[in-house]
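Colleague: On the provided structure of chain U, position chain G as indicated by the hints.
These protein sequence lines are chains U and G, in that order. In terms of our numbering, the first sequence has 377 at position 377, counting the first letter as 1, and numbering is strictly consecutive. The number in our numbering is simply the position in the second sequence, starting from 1, with 445 added.
Hints are supplied without guarantee of correctness; some may be wrong.
[Stated by the list, open to error] Computed list of lysine to aspartate or glutamate pairs in EDC-like fashion (alpha-carbon distance at most 16 Å, straight line):
#1 U:K163 x G:E714
#2 U:K104 x U:E120
#3 G:K607 x U:D241
#4 G:K607 x G:D639
#5 U:K104 x G:E502
#6 U:K163 x U:D146
#7 U:K104 x G:E678
[Claimed, not checked] In silico negatives: residues of chain U with every beta carbon more than 12 Å from chain G:
#8 F8
#9 Y82
#10 R95
#11 S103
#12 P193
#13 S218
#14 E269
#15 W290
#16 L330
#17 A389
#18 A400
Because the hints were derived from the structure by calculation, they are not lab data. Predicted model only: the values in this text are computed from it and were never measured. We put the beta carbon where it would ideally sit given N, CA and C, even for glycine.
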Amino acid sequence: MFLLAYYFDLALRSCRRSKALTALVVLLMGCGVATCMITFAVFRVTAADPIPWKSNQLFVPQIDNFGPVHDWQGEPPILLSYTDAEAFLHARQARRQTLIYGSKWTVLPDDARRQPFSQEGDAVGRDFFAMFDAPFRYGGGWSASDDDQRAAVVVISSALNQKLFGGANSVDREINLDTHTYRIVGVLDDWNPSPRFFDVSSTFHPFSHPRQLYLPFSRAIDLQKATSGSFYCSADAPNPDLPNWDSVLHSECAWIDAWVDLPTRADVENYREYLHNYAAEQQRLGRFTWPPNVRLPNVRQWLGLHDNHVVPKASALSMIVSVSFLLICLVNVVGLMLARFMRRAPEIGVRRALGASRGAIYGQFLTEAAAIGLAGGVLGLLLTTLGMAGIGSVFEPEVARLARLDASLLLLTVLVAVAATLIAALYPTWRAAQVQPAWQLKSNG
Amino acid sequence: MNSFRQIRPILAALRRHKTATLLIVLQIALTLAVVSNALFIVQTRIVHLSRPTGTDEAHLFVIRNEWIGQPDLPHIDAQMRADLTTLRNLPGVRNAFASQAYPFGGWGGLARIKLRVEQTVKPQLAITYFADQHALDTFGLALVAGRNFRADEIGSLGPYDKSMPAVVIITRDLAHKLFPDGTAVGKAIYLTDDGPSTVIGVVDRLEGAYIGSTTRSIDEDTILVPARYANPEGVVYLVRTQPGELAAVLHAAPAALSAQNRLHLISPEDGVITLGQARAQGYATDRGVAIMMAVVCVLLLLATAGGIVGLSSFWVSQRRRQIGIRRALGATQDDILRYFQVENFLIVGIGVACGAMLGIVSNLQLMKRYELPRMPVWMLMLGAVLLWLLGQLAVLGPARRAAAVSPVEATRQL
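Chain U extracted, bound-state conformation (with noise of 0.2 Å):
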C-alpha cells in the first residue's frame, strides 16, 4: 500500500515535469473512450435481450414452403403462411402458442365531437400475455373461448386508458373499433419491451410504433382485416395475385409471427420433430416438392437473424468508427508513453543501480500509466455526458431516445480507460524495465 503510494506520487511528479504529453494522453484517451462509450450507449439499446428471463424458451417456428428455388439460399421465410400458422396454433403441440400479425384501427369516441383516430395493434392469442409476461393494471387477457367463437373483445394499453376513459378501470366498458363494439376485457401497465421482438418481423418498427390494441386473432382474421406489416410470397419473384381474402388466406404468402413457448429441453426436441414431421407431411401431401427445411430459433437466435432489421445500421457502423478510433487513440499513446518513459532511462538507470528491481519499474510506471487512464477516464465520463445530450441529432431518434447514461455505463467508461491504458503502457513498461543501469550511469557521467 505504501509503495503504491509511492509509486503514485512518483507519477505525479513525472506528470508535472511533462505536462504537454501528459494532457496529449489523457486527451486521447478521453476523446477514444467517450466516442466509444456514446456509440454503445445507442448499440447496447438495439442489442439488449428484451425478455431475459425467458428468452431461452420462447421459439419461433420457421417452415420452408417457399421452396429452395425462392427462398433465401435455403433460409426459410421469417414469417408463416395463414395454412402453416392455423395449422401449428391447433397442433397445441407447445405449452403456450401465439399467432401474430399487425394492422391499423379506427377508435371512433363515443362523443361524436371528438376526432376519430387510429391506433395501432396486434392481432394476438389468448396465450400472448402469459407468454410474454404483459403486466396488467386492471382486467386480465381474454378466455380459449373468446378465441375460439372470434369474440369482440380487446386488451389495450394503459396510454390507450389514459387517452378514452382517463386512466379509470374500464374493464367491461365498450370501445367502437372501425365501427364496431367491442369489450374492454384488460389493460396493461405501462409495457413497452425494447426491441418490441414479438411483432419485429411483422411490423417493421422494432422501437417505436407501441401497440395500443391487442384483439383475438380468430377475429382479426373474420373482419378481414389486413397486416400493416410485411406481406411476401417469394424472396426474388413477385407477389401472385389474389383476387380477394380468401386467396390471401390459402397464398403460399408469410405475414404472421408465431411464437411458442417450450419450457424444457425436452420440449424444443419434441416441437423440433413435430415441425419436421409436419413438413414431412407436407410433402407426402405433394404441397412442398422439397425435403423438409425447419427453424427453431429462440429470442435470442431470432434477433440475431433479424440483425440488420433490429440494430440499425448507423448504429452498428458507428459502432465500428468508433472502436477504430479508439483503436488508433491506442497505438498513439502507446507511442507517447515510449516516449514519456524512454525519456526518463537515467532515472530508471539511477533506481536501478540503487537497487529497485524490474519489479519495482513495473509497478512504479503501470502505476503511472492507470493514473494517467484514470484521468482520461474522468475526461471521458465529462465528454460521454456531453455527448449524450447530442446524440438524437446523430441516431435514429426512435433509438437516441432509449439510450441511458448509467451508473453502469459510467463505470464501464472509467475501467475502458484505464485498463486501455495500462494495455497501451505494457510495452513500453517492458522497455523502461529493460533498462541497463551500468549503461545509463555511463552515459551520463
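Modeller: Okay, now just chain G, sitting in the frame of chain U:
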C-alpha cells in the same frame, strides 16, 4: 541542398528506432483506412441527401388520410373524387391528385417491367405512383417527350385488383434503362404478363418513395400509373399550393376534408406533412451518419497530429547531441529542418502505402454489410494528401526546435 541526399542516413536512423517508427506507420495506416472510408461514407450520404426529387418541393404537401369504418370500394372511389374536387377548389391550391405513396414516404409500389412476356432476363425494377391527369402539374414535372394522361385513361383500382394500365408515363432514367437506343414514347412494356402498357410520356426526373439504400439504384426509375387506388387502408393526397400559400392551405385542406363527413381520419400529429418535412425525416439517419463520420474524422486527424508532434519531440530531444555534432560539422539549420521533414514524409509515405491497402480491404468488408459502393481511388489519394500535409504541419514545430539546437550541444554531456 538536395533533401534526397539525406534519405540514406534517415533510413539508417529509423532502423535504430524500429518501434517508434512502426507505431507511427501503424497509426498513419489505420488513420488513412478509417478516414478515407469515413469520408467516403460522408460523401455518399451528402450526395444522397442533397439530390432533388424533381418536384416543386417548396410548395408541395401530403395529406395521409385513413378511412373510418371500412367503407366499400365504390364508396371510397366516390369519396376520393369528391375530395379531389374539394382540394382543387380550395383557395391557394394550385392542383392535387391522389396516390398511394409520396417522395420520402418510405414505401410504395414496386413494378417489375418486362419488354416481352416471354423475356428471360431479369425484369427492370421501378417504383410506382398512382396518378391522374393532374399529377404532372401537382408534382411540378415537365414532360420531355410525349403527352400527359387524359381524364378517360384514369382507371379505378381496388386492393385485390391487378394493375394493368393501358398507358403509363415514366422517368427519363427508366426510359433510358429500358430503351437505351431510342425513344420510349409509343413503346410497349409489360407490368404483368396479361397485357402491355404503352409509354405515352417521359418526364425529366421524379424520385420514388423509397429512401432505404436497398433500392437506391432505382431511386429515379419511377413509373406513373393512371389509376385512382381505392384502398380501405387509406389514401395519400398530394397537394401543390400557389407560392406563399403553403402555410394557410396546410391547415385549411384537412379541415375542408374532415368537414364533409365522418369518413376521414387525418391524424393531427402526422397526417399532414410538407415535402420539406418528409425530406428532413427521411434523411435524418443519413445526415446523422454524415455528421458522426465527419466529427470522428476531425478527431482522428487531430489525434494523429498530436501523436506525431509527441513522438517527433521525443526524437528531437533524444538526438540533441547528434544534431549538435552535425551542426558543428557544418550542417546548416535548414539541413536539420529538412532532415526531420523528409523523415516525416518517408514515414507517412510508408504508412499511406499500408493504409491504402487496409482502406481498400475495409471498404470491401463494408460493401458486403452495408451496400456501400466501391470507394474511388481519389478518396484514398485525398486521405493520403491530407495525412502528408498533416504530418508536415505536425513535425514543423519539433523540427524547428531541432534546427535551433546549437552546435555547442555536441560538446555537452560528454
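Colleague: Enumerate the violated hints, using their earlier numbering and listing them in ascending order.
Modeller: 5, 6, 11, 16, 18
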